[in-house]
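Protein sequences, first through last, are from chains A, B and C. So the first sequence is numbered by the numbering used here: it starts at 1 and just counts up by one. So the second sequence is numbered by the numbering used here: it starts at 1 and just counts up by one. So the third sequence is numbered by the numbering used here: it starts at 1 and just counts up by one.
No wet-lab data here; the hints were simulated from the structure. Warning: the hint list may mix true and false statements.
[Unchecked claim] Below, computed lysine-lysine pairings styled on DSSO-like, alpha-carbon distance capped at 30 Å:
#1 78/A / 142/C
#2 31/C / 240/C
#3 250/C / 78/A
#4 78/A / 195/C
#5 142/C / 29/B
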Amino acid sequence: MSRRQASLQRPTTDLPVLIAPSAGSTGRTAGRDSGCGAPPRLAYWHGFLLLAALLLSAGVAEAQSEPGRAGILETMIKWTPLLFEGFLFNILISFMAMAIGTVAGGFLGIWQISLLPSVRRGSWLVTQFFRNAPWLVLLFFCMFLLPFQIEIFGLVVPLPDWLKATFGLALPVMANVSEIVRGAIQSLPSGQWESAESLAFTRRQTLWMIILPQCVKRMLPPWMNLYAILTMATVLASVVGVSEVMTLTGEVLSAEGGRTDLLVPFYSYILVWFFIYCYPIARWTVYLERRFAVNA
Amino acid sequence: MEQVASWFLWLYQETGINLPIVYDSFDRKRFAEGFLTTVWLSLVCLVFSVVIGIVGAWLQGSRLVWTRRLVQGYIQFFRNTPPLVQMYFFFFALGNLLPTVENEFGFQQPMLGNFAWAAISLSFFAGAFNVEIFRSGIEAVPKATVEAAEALGYNRLQAYLHVVLPLAFRVCLPALNNNLVNLVKTTTLAYAIAVPELLYVSNQVWSDNVNVPEMMTILLFIYVGLVGILVWAMNRWERAMKVPGYGA
Amino acid sequence: MTRMMQGLLLAGVLALGLSAGDAQADLAAAKERGKLIVGVKADYKPYGYRDPSGAIVGIEPDLAKDVADKLGLELELVPVVSSNRMQFLEQGKIDLMIATMTDRPDRREVVWIVEPNYYSSGTNVLASKKVGFKQWEDLRDKPICGIQGAFYNKKTQTEYGAEIVAFKGTAEVLTALKQGRCLGFVYDDSFIVSKLGDDEWADFEMPLPTIDDAPWGLAVQLGDQAFHDIMHEMIVNWHKSGRIIELEKKYGVNNTPFALAMHEKHKNM
């Protein structure tokens, strides 16, 4: 952040003393204040790029297709409502898995810096285990090893497979959040702890009132990163048979008789949907990153 | 070896715990090959993604607007779309656009095989995250440090390689660590385009033998072990390179 | 917040503890919930596939409907794939499985396959005419596409030395085959025959003698005697009335010798 600020304030100079003001100069020529690291704003060319990609794939596919069959665009429109339903399902799964994972991971992360060795080691072990296991394998585990319904005090609660997939995805999210929290806490200068102690704060007070508030801005970007990864991992649920967008795409392609010319446009279509959903989130991340930045 | 195999066969008959990857030579061979494929794929992707990250972060500081935009477009595309779909797209769509070559049987086949496409798509996917990670690390390097380097007569590339990168590297090592761990786990996706890696062969084994829980457990332990080694090495490195004065 | 966490942990422990016990989804459970849950394929046209509304249709869903009607229950179809269908039945996620599954002895140890078999198909290869396969031994060391979870992958690999490249679904395999990433596609002959009728596959053939002509089995959970008996009767009736043949016609499949023979055998019983 400091660098971005500096580049904005940098006077225009030809002196070789300063490194070429890469960010500042372009920000200026473009008439914007976007720093070199920050992604440029959603602009016309983004749309062009997407459109070009879609057209290219559709064009290639159209060239390969034979006359006398339903057009590619027509086919895509026909299946769009079904696929969109599947896509919404992906989003729902991502929300739930993120919520569960964040709450569980937050506590796990704080326990990781606990002064009690057993708590610290235990939470470290849990974190490492779930962080190191591939998402797909955890998904399979939850899918095959959780029952299809559970009975709590005589009340039968069904566990549909999408819920099991949500749990399966929440586990690695939990472990990653735990690491984000631990990393953020440990990235603060140790002076923070020491000065709080000298002001007679207890450890708990220091953590909740001094350390964690400062950590939020450090945790937010990686947390949003994690959400992006999670959203895109929801398609893994297709492997275990949840009727989300990827499963449906495969089934649609097979219902169309396995037409090979449809594969490219359909998968690019799904790519574009995910992009349209995830890109604004990425933009928002950058915005928050800036807002929470402490100007040093 | 013979005894071990017969013991596992006995285990199956007595307890129903079926581990053909130990007693069946065919399953054992393909499982071992799958393991090696996973390791190899991970290594290739690790190296390429870090290279992409470093080069990308450097290009992001370029003076040319379009270079920066290109890098930005690349990052945004790969970060915001699912790697599984990317892999399908690379393999089926882009793979089809490349010229074909004649294979050993005298027929035309696409130039790059599924392993190559898996390596390319995974490297680009992880590389997109690495560019961002390196960028944030670079931003954390105080301006004064860079200026000091310039005062000593470094040019942009030199300052980047000798001053900014080593410092930035330390700052972003935890995030990089995280991403590389993710990458190794993401190699499981290569099963979707039939790269015979660990998950793929496990899938075949449990389809043939109906022993999902056993194979799952083994898979989990192998991956946790594999990633554990990487994490351990990275953590050691992280500690060794820690900047003094930070951390509780 | 801490309470929430504790609740979460409790739920997790409960779930894990309960998973040890075997889920019961027998006929009685189906009747109790008023709904029969059947696992069918959703990517195997014409036996089970999606229509644009998202519903699963095809020969097997129609058979499942017959069962639900007979029992007077509502029908819910759950899409399954080869690699999870038996697990779903085993853990009670589905009550009945009609999912193009070949009847094999090792599968009979896991699920209860109901006699007689309702359908049959063998294994063959879809390949370009240019490749000119003549016999199964020609596959040696050649890249051959397959579907993940199909049992003949291993056989093609071990007995004929082919190099199997397995994908998740038929759409992926057919693309790979067209792109020349493999020289043939080893799969059910019923599927290959239906493909060959398509203009798009005019340059392709099914050159080898069909092997492993094996019956398909629908299955219930092990030990569910009552449901087994009902299903046994249902299958006999399907053959007797020519229901299978009728469904083949409805979905544009040439009548298979198996279906005709079974009808012949049962119609006068």
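The hints, checked one at a time:
no.: 1; hint: 78/A / 142/C; result: violated, 39 Å
no.: 2; hint: 31/C / 240/C; result: holds, 27 Å
no.: 3; hint: 250/C / 78/A; result: holds, 23 Å
no.: 4; hint: 78/A / 195/C; result: holds, 23 Å
no.: 5; hint: 142/C / 29/B; result: holds, 19 Å
Hint 1 alone, counting from the list given before, is not met by this structure.
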